[in-house]
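Trainee: Here the protein sequences line up with chains S, R and X, keeping their order. Going by numbering that gives the first Met the number 0, the first sequence opens with residue 0, and the numbers climb by one from there. Going by numbering that gives the first Met the number 0, the second sequence opens with residue 0, and the numbers climb by one from there. Going by numbering that gives the first Met the number 0, the third sequence opens with residue 0, and the numbers climb by one from there.
I should point out that these hints are in silico values taken from the structure, not numbers from a laboratory. Keep in mind that this is a model prediction, so the values were computed, not measured. Hints are supplied without guarantee of correctness; some may be wrong.
[Claimed, not checked] Ranges between beta-carbon positions, derived for each pair: (1) S/Phe36 / X/Leu73: 35 to 45 Å; (2) S/Trp321 / X/Ala133: 38 to 48 Å; (3) S/Leu337 / R/Thr57: 28 to 38 Å.
[To be verified] Stretch by stretch, here's where chain X covers chain S in the computed footprint (C-beta under 8 Å, at least three residues): (4) 128–134; (5) 142–154; (6) 173–182.
All C-beta atoms, glycine included, are put in the ideal place defined by N, C-alpha and C.
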Amino acid sequence: MTFTDWAILALRVLVPVLAVLSFVPLITWVERRGAGFIQDRPGPNRVGPFGLIQPVADGLKLFFKEDVIVHDADRFLYILAPGIALFTAMVTFAVIPYGPELTVAGRSIRLVGADVSIGVLYVFAITSLSVYGIVLAGWASNNKFSLMGGIRSSAQIISYELAMTTAAAGVLLATGSFQLTDVVAMQHGTWLGFLPKWNAISQFLGFVIFFTATFAETNRTPFDLAEAEAELVAGYHTEYSSMKFAMFYMAEYANIIVSSALTTTLYLGGWSLPGFTPRGLVGVLFSIAVFLAKTMALVWVFVWVRWTVPRFRFDQLLRLGWKIALPAALVNLLWAALLARWKVV
Amino acid sequence: MIGGVPLFDVLMVSAALFLAGLSGALLRRTAIAIFLAVEVMMNAANLALIGYGAALGTYEGQVLVFFVIAIAAAEAAVGLAVFVSLFRHTETIDVNKINLLKW
Amino acid sequence: MERLTFDLAGALAVLFAFVMVAQKHPVKSVLSLVVSFFGLAVCYVMLSAPFIAVIQVIVYAGAILVLFLFVLMLLNVPQETREKDPRPIQRWLGSTAIIVFAVVFVGVLARSGADIPPHAPFDRTAAADIPALARRFFSDYLFAFEAVSVLLLAAVVGAFLLAQKEKKP
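Given these sequences and hints, build the entire structure.
Mentor: Below you can see the structure in the form of structure tokens.
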């Protein structure tokens with residue numbers, strides 16, 4: 000393999016990881032300013048213009064806090080848990096296509112970390128593994144509240160995983176392939192000349208269910224009972240301080256970014272814009288900008304919902320997941336099958 | 000040879016896994032540990048199935064393994080339910096002590 | 000290159016399976032098994048079965064073992080302790096059985112597979128043709144597929160009933 004091959008490989012690996020990590024501080028800023036905007040107050044505006052350096056200040060503060068390891072905690076698992084949480088959050092981005100093919104040095108590179116044939120299933124596999132980060136955090140803290148928070152949180156995640164994957168199955172049925180690049184390719188073009196061929200329009204119920212399920216997967220309001228301040232102390236990350244807490248914090252925002260990116264790819268057409276075919280480097284950059292815009296729009300919805308909607312009680316949450324979301328996702332699957340049968344899509 | 004992996008390697012890994020599972024099942028005294036060892040043995044069989052399926056160039060191995068995994072999931076659910084119910088009754092997990100049916 | 004990856008992943012899987020056997024604490028056993036199954040999933044990918052690899056991670060490592068963990072954590076299952084009156088004959092018989100079995104097993108397997116007619120090797124890109132695999136499920140193995148779903152339903156209902164607390168009379 001030549002130097003160019005290695006360079007391209009390195010970039011393909013590094014870009015998803017670094018992109019997710021570098022967007023995390025931006026999203027924390029969006030969250031805090033957005034919260035201020037919704038609550039009719041300024042939000043952070045002291046540190047830097049519009050408070051843009053605030054995330055850096057937060058990071059420094061967390062870094063300098065005392066790093067406590069609870070007395071009877073299982074040391075290895077206690078330290079491993081936030082690592083698993085952050086790792087799974089970042090690694091999910093590997094299969095999400097963020098742009099069309101880029102021709103560089105005579106080679107055509109697809110702008111995706113790893114274009115595997117099992118695309119979406121990889122995301123679900125990593126989501127299943129992320130449960131371990133939370134369960135181990137809850138258990139290794141040697142604290143009843145942490146354990147309860149951890150168990151509740153993971154029960155919530157595995158319950159909504161079902162609705163999420165069944166809703167995504169509708170999209171996969173329409174696409175006929177697991178590969179996310181195929182899913183995006185299928186959403187090019189328009190119907191009737193003006194409606195973009197997005198799955199959010201042809202499978203609206205599935206879109207709503209999937210997006211709601213991602214709220215539950217990322218432990219965001221209205222499904223954040225496991226980590227809300229007034230309940231269970233702080234849930235599974237009660238006993239964590241300093242950088243380990245910072246890793247959980249980063250993992251939560253990384254999950255939000257990745258969930259939004261995934262929803263964009265599956266339902267909102269990814270990097271494609273109807274009526275526009277990307278040509279050359281400018282086209283590629285524009286497509287990446289389109290992808291970012293769509294993802295940021297969904298992230299804003301995450302922030303908006305958090306500061307607007309009250310949270311569910313845990314039994315209400317589980318009831319919603321099993322008795323409402325899963326049957327609705329099955330109905331959506333039936334609808335998607337009918338659409339595919341009548342060859343509408 | 001399956002795309003670079005000789006069948007011998009596959010079978011040796013499968014054998015080693017099976018032996019690990021077998022030693023767990025015979026030498027451990029906790030019901031859960033025995034159960035986990037049985038799962039390991041099933042995975043060893045799965046690996047052998049996939050290896051042979053790939054060596055013979057068919058999809059049969061993968062199909063069978065899919066069903067084995069589904070059945071293992073069902074078995075794990077029921078087995079754990081039995082374990083929970085047993086643990087509630089006897090308050091012990093040592094299989095040597097669970098000997099009510101002995102005469 | 001593929002062989003090296005397979006060997007490393009296989010060695011990882013076997014190593015952590017033995018760690019699982021040696022661990023006294025049940026939660027640590029389950030976690031070492033998670034690593035082992037992940038190693039196995041890598042092995043499956045090397046053997047041109049990416050779909051099964053990802054199913055292994057989702058179902059085995061991500062669901063079954065999580066179920067084990069839940070049961071262990073909620074019931075607070077204790078560590079395996081030293082027995083008060085150990086019966087060494089159990090260990091001796093067990094170990095002997097394992098050693099005899101190992102010799103026979105490995106001896107047989109070392110000779111297996113030699114008589115498979117040379118096929119065009121399962122090219123990884125061809126085996127990544129998941130629609131072809133799916134077609135097998137919905138044509139030749141359709142009955143088994145549907146039967147498995149009924150089986151899973153029966154297992155769910157059975158597990159639910161078995162794990163219920165007894166009603167006090």
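Trainee: It remains to establish, for every hint, whether it holds in the given structure.
Mentor: Quick rundown of the hints versus the structure:
1. For the pair S/Phe36 and X/Leu73, the beta carbons lie near 42 Å from each other, so the given range of 35 to 45 Å is met.
2. In this structure the supplied range 38 to 48 Å is violated for S/Trp321 paired with X/Ala133, their Cβ-Cβ distance being about 27 Å.
3. The hinted range of 28 to 38 Å is satisfied by S/Leu337 and R/Thr57, whose Cβ atoms lie roughly 34 Å apart.
4. Restraint check on the stretch 128–134 of chain S versus chain X: 4 residues with Cβ-Cβ distances below 8 Å, three needed, restraint holds.
5. Counting residues of the stretch 142–154 of chain S whose C-beta lies closer than 8 Å to any C-beta of chain X gives 4; at least three are required, and the coverage claim holds.
6. Coverage of the stretch 173–182 of chain S by chain X holds. Counting CB-CB distances below 8 Å, 3 residues qualify, and the rule asks for three or more.
The structure shown violates just one earlier hint, number 2.
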